[in-house]
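The primary structure of each chain is shown beneath.
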Amino acid sequence: MSTAATLASSPDRLTYTRDEILSSGDYDAPLIAGAVRCHGGFDADGRYRSPRTVHRAPAIAAWQGRLAREGAPLVEIPRALMPPQYPNVEQATLLLKHGVRDPIVRTLTIISIVEGFGAIIRDVRVPELSEVVVEPVEGTALAHLREGLFEAHARDESGWKDEGGHKQMWEAARDLALEKPKVPGDVLMRMMGRNAGRQKRERPYPQLDEKLERMLALMAQVLVVEVFAEGTFDWGIELLSNPEVSAEPEAAGAMVRHVRDDEKPHVEYLRTALSEIRTRTLRTVDGATLPGREVVDGMLHRILREVTRNRPREQREDIRESLIQSMQVAANPKALLEEFDALESEWTPPGRTGFERASAA
Amino acid sequence: MHPITRLHRTTIVARLAAYLYLLYKLPEWGRRLRGRPKPSEAELAPRHAKAANAILATALRMRGVIIKMCQAIATRADVFPPEFVERLKECHDAVPPKPFDVVRSAVERELGKPLDAVFAEFDEAPIASASLAQVHGARLLDGTEVAVKVQYPDIDDIVRTDLRNMERACRVYERFDPQPLELLPLLKELTTHVGFELDMEREARSADRVRAMFADDRHVVIPKVHHELSTRRLLVMERVRGIKITEKEALEAAGLDPADVVQDLMRVYVQMILAAGFFQADPHPGNLMVTPDRKLIVLDFGLSKELPEGYGLGLFELMFSMMTLNESAMVRAFLELGFETKTGDTNTFLLIARRMLARSETGTFEGEFTEEMTDELFEAIREDPVVRVPSDFVLVGRVFAFLSGIAHTLGHRANVLSAMGAGPPG
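Those protein sequences? They're chains A and B, same order as listed.
Counting from -13, one number per residue, gives the positions in the first sequence under our numbering.
Counting from 7, one number per residue, gives the positions in the second sequence under our numbering.
Same shape as in the complex, but just chain A (with noise of 0.2 Å):
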C-alpha cells in the first residue's frame, strides 16, 4: 500500500489537496466498454474499482464520521419516494420479445445523455465559504466541493479527455445488450420533453447570497436525482442482465452495476455536504442568519414534492405516447398493449416527505 492512501486511510485526516481528490491510483486492467477505453478498472482479482476513489472514499468516510461524532445525523432521501421506473423491467422485457425496441433504445440513450449532463456541476459557482457560513468548515466534505468534488464527480458522469464516463458505458451497456441498434431519430425531442429549459428562475431564499442559494439548491437537487438513480440501475441491470432479451447478458449487466459502483461518493460526498450545512448557520445578505437546516429541509421538500407529484405522471404521459407508436411494429399491437398495460404496477407517492416540519419552521 503506498503511503498517500495510507494517510487517506486514517479516520482523523480530513484535509485533502485536489490532485487527491481527483487521484484514481492504478488498475491491473482497464474498463473498455465497447471500444471506449472508460474510467475504473480492475485490480489482481478482477474486482472493479471505482475511479477518484483512492482518496476519495476514505476522506467521505472521515467527514461522515465527524459528522456522527458531532451527533448530526445524515440526510437520509427516504426510498419510498422513488418513483416506478416506465416501463417497468416486466414491461420492458416484454416489448424487447416482441421486437419493439425503439422505446428501449431511447429510455436507454436518455439515461446516457442524461448521465452526462452531470458534467455541468464542475460549472456552479462556489461562494467563499468563510464570507457566508457562520460556524468554520476547515476539514468538511464543503470545503473541497471546489477542491476536487464536483470536479471528480463531473469527470465521472461525463468522462474526461480520452477516457469515458458513464454516459459511454451506458452507451456501451446498450450496444451490447441490443446489439448496436439504431438510435432513434427522435430522441433529442422525447428528451427535451414539453417544457425543457423554461422553468423559472425561483428564489425560495432571496435573503441568501445568491451563489450559495444556486449551489445548495442544485446539491440537493442532484442528490434526488443521485438516490433515485438507484431504480434505474435496478431496472438497467435485471433488463439487460436477462439472457432472453439480451445479447451479452453478463458484459451488459456489469456496465451498469460498475456505474452504479461509481455513483455511490457521489450520494455520499452530497449527503455529507448538504448535512454540513444543516448543523450550521447561514449569513443573509442583509447582515441577519438563517438555520442552516430550514434551507436544506426546505429545498429538499420542494425538490422531492415536485418529483413525486406531477413528474412521474407527465413523464408516463410522454413515453406511452411514442410507445404506443413503436408498438405498431408487433404482429398484433393491440394485444400487445393490452398485455403491457396488465404488467403496470401501481404506485401512489407517499403523502409526506420528511422534511416537511423544518422546512415549515
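Keep in mind the hints are simulated off the structure, nothing from the lab.
Given the structure is predicted, the values throughout are model-derived calculations rather than measurements.
Fair warning: there could be bad hints in the mix.
Residues on chain B that point at chain A, a partial pick, calculated with CB under 8 Å [to be verified]:
1. Val19
2. Gln277
3. Phe322
4. Met426
5. Gly427
In this text, a Cβ means the ideal position worked out from N, Cα and C, and glycines have one as well.
Given the coordinates of chain A, assemble chain B onto it according to the supplied hints.
For chain B alone, coordinates are given in the frame of chain A:
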C-alpha cells in the same frame, strides 16, 4: 423580363467578373515578371477591400440574387477573407424598398383582383424590405390585421438570369485560376436557398410545420398563414406585434427578465435544430420579437432547413465531446457531421477544436457556440483548406452564432446544453 434588361444584367455581371479577375491577376502577373515572392494576406487586404466594395456596389444597384450572394459570402468566413465578410455584411440592412405602385400591381396580379376587393386598408410604407420581397401591413375586409409579404415583379426571372451569369463567371474563373476558391459549391447552395425563399408556398408550409412543433407550447408564436389568400409569390399572414428581441431596455420596461428571454430563445432553437431537425435558419433580430406576457414570436420561414436524420444528436455529441475535452469523440463527431479532410488526416479536426476552445472565455466549452468560436472555426478552415465543411453545419453554426450575439446583447449566454434541460448550474 425584357431581353434588353437580361442582356444589361449579363453585361454588368461580366464587367464585374472581369474587373475582379484583373484586380487580382494584373499585380500577380507583374510579380511573376519581376520574380517577386507571393504576397502575404496582409498585402492582399487592400485588394480584397476594393473587390468587396465593387461587389457591394453592383449588388445594391442590381438587387435580386446578387444581394443574396453577398449575404451568403458574408456568412462564409471559412471561404472568404475577412474584408469580404465584413463589407458584404452591409447587404443585410441596405436594401431600399420598391415604390408602392410596383407592390400594388404585384399583389393584385397574385390575387387576381383589385387590392380593395380583399383589403380594407393597405399601408403604402413597408414594414420591411429585402432582396427578394417586401412586407406591408394591411387589414382584411373583416377587420383582421395582416402582414402581406410580396415578391418583387420578375424576381424569378432576374434570379435565374443572375444565377446563370454567376455560374458562367465562376466557371471562367475556375478555368483560369489553378487554385480557385470553391465558388461553384457555394453557388449551388445559394441556388437551393434562393429557390426556397422564392417559393412562398414552401415558406407557408414551413411556418405551419414549426407552429405544429410548438402546438402545445403557448409561449411560442408563429404567425398563422391565410392560405386562401397566399400564392407562390404572395404570403398573407397574421400580424403580430412585440418588442424586438435585442431591445433590452424595452423588454425590461415591459417587466420581462432578459435572462428568461434568452432561455426561451435558446429552448426554441435547440428544440428546432437538435431535437426536431427542422428549423428557421434566419434568426436575425428583425425576425424575433417578444410579447409583454413572455411569448417568443418567430417570423420569416423563407429560409427553413431540414437536417438529415440524427444530425441533432451528432451536433450534441460534438458539443459534449468539446465540453469533456474528449478528443477521440470530437473526431468521431466531426466525421459523423460530414466534415471531410482531403488527406484523410483527422488531426486537423483536433487543431480546429483546440483553436475554437481557445477562443472561449474560459478556454473550455460551457455549452455556448459563441460568434468568436464560430469565427475561429471558419478562420481555421480557411487557413487550412484541407477541410471541407458540410453546408448544414455552416448554417447551424451561423444560427448559433446569431443566437449567441443576441444573448450577449441581452447580457447573458446562449447555453445550448442548459436549453436542453441540463442546468443552468448557477
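Evaluation of the provided hints:
Below 8 Å, beta-carbon pairs count as interface contacts, and Val19 (chain B) has none with chain A, the closest being about 42 Å; its hint is therefore violated. For Gln277 (chain B), the interface hint holds, since its Cβ comes within 8 Å of a Cβ in chain A; the closest pair sits about 6 Å apart. Below 8 Å, beta-carbon pairs count as interface contacts, and Phe322 (chain B) has one with chain A at about 7 Å; its hint therefore holds. Proximity of Met426 (chain B) to chain A holds as hinted, the smallest CB-CB distance being about 6 Å (cut-off 8 Å).
The closest approach between the C-beta of Gly427 (chain B) and any C-beta of chain A is roughly 4 Å, which is under the 8 Å cut-off, so the hint is satisfied.
Taken one by one, the earlier hints fail for this structure only at number 1.
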